[in-house]
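Novice: Mapping the sequence shown onto our numbering, position 226 (from 1) lands on 402, and the numbers just tick up by one.
It is worth saying that the hints were derived from the structure and are not from the lab.
C-beta atoms are modelled at their ideal positions from N, C-alpha and C, and glycine is treated no differently.
Check the hints yourself; a few may be wrong.
Taking CB as the label site, the calculated pair distances span [unchecked claim]:
hint : residue 1 : residue 2 : range
1    : Glu228    : Arg289    : 19 to 27 angstroms
2    : Ile262    : Lys504    : 42 to 50 angstroms
3    : Glu228    : Lys446    : 36 to 44 angstroms
Result set (DSS-like, lysine-lysine): computed pairs, CA atoms no more than 27 angstroms apart in a straight line [what the hints assert, rightly or not]:
hint : residue 1 : residue 2
4    : Lys388    : Lys487
5    : Lys361    : Lys250
6    : Lys339    : Lys464
7    : Lys488    : Lys446
8    : Lys389    : Lys488
9    : Lys488    : Lys456
10   : Lys290    : Lys361
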Amino acid sequence: MEKLNSGTSNQPIRRNVEFTSFSLEKFSVPESNLFGRCRSVAEFEKLNRVGEGTYGVVYRALDTVNKQIVAIKKMRMEREKDGIPISGLREINILLNLRHENIVRLKEIAVGRKLDNIFLVMEYCEQDIASLLDNMPLPFSESQLFKGIRYLHRHDILHRDLKVSNLLLTDTGYLKIADFGLARKSSFDNSCMTPNVVTLWYRAPELLFQSKKQTPAIDMWYALVAAGCIFGELLLKKPLLPGRTEIHQIDLIINFLGTPNDKIWPEFSKLPIVENFSLKEQPYNNVKHVFHWVSPAGIRLLNSLFIYDPKKRLTAEECLQSSYFREKPLPCEPGLMPSFPQHRNMKRQSNFSNSVNAKRSVCEKLVSMTAF
177 MEKLNSGTSN QPIRRNVEFT SFSLEKFSVP ESNLFGRCRS VAEFEKLNRV
227 GEGTYGVVYR ALDTVNKQIV AIKKMRMERE KDGIPISGLR EINILLNLRH
277 ENIVRLKEIA VGRKLDNIFL VMEYCEQDIA SLLDNMPLPF SESQLFKGIR
327 YLHRHDILHR DLKVSNLLLT DTGYLKIADF GLARKSSFDN SCMTPNVVTL
377 WYRAPELLFQ SKKQTPAIDM WYALVAAGCI FGELLLKKPL LPGRTEIHQI
427 DLIINFLGTP NDKIWPEFSK LPIVENFSLK EQPYNNVKHV FHWVSPAGIR
477 LLNSLFIYDP KKRLTAEECL QSSYFREKPL PCEPGLMPSF PQHRNMKRQS
527 NFSNSVNAKR SVCEKLVSMT AF
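Kindly produce the complete structure, drawing on both the sequences and the hints.
Specialist: Here it is in structure tokens:
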């Protein structure tokens, strides 16, 4: 509701806007100071809904001032009695301090006329990896995912919710890591971090076994499993580790890597869940069997990442030094990529058996975009 403050006849009329705070106290703000340094969301024209992040809904919108297409994420404020949720503040703070070509860029914050109307204005990416699995016939530039993860870890950031739907692609071929709603500084008190982060299919063993310590290695495990899911969906029409429950997820990992023990994972037996959980015996590592088309250099890289002990898992920096990324077929640079709209309406080939060989070639090249 607006209140009018009248001055003398030769003075301009000043308008105040009255607000009700979260504590139900009323106060007024001069209209000229209503949005502070933030722009009004009214300056953006909502076009369509494109997705939903960890803590908000994402829309495609037109910036009516500079005529650019942007992505706007409306922050969820349900049941928040004390203002902006800490998760939202954390995401804003992290994104404002990140500047990398493989990290989605937060352009600004916009606000509405209600105190709980807060919007993150971000660069718009035309596609996500999941939507392109069957339609993208060309490779992406070398290991963009690893480069983005390396940048995050160098800046002490754990993403903690990396998954295929959080990997976006611009129409010029740049991969962007998005959705930082669960991200934390790795120096943050680990005892305060919930282990139930990362979508179940991508969750690292140390999280499933309820380790109290979270390190950059959880992001590295994701990178491998995500790549495996992409390969699986292209070749096998199913993801690599599609667990239905945490117990089922552990069983799938054991079938894939063998049964963990203190020899390969020091102090494994001291992890909280192990004392009350009987693991089945499976002595074989099946990485080479599952990824039978991958070159020896690729298998070496996989075996250095699909490791139970997070301390022994390769870092993003070490992965980028692998000879696998220098093998043919080499990926093309983002600038050489075709624009994506021409691929959106491509018809899927109905005969899967005829496309396996072609998709295997795509998989070997997609490795540069994902984790191996």
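Novice: Need the list of violated hint numbers for this structure, in ascending order.
Specialist: 10
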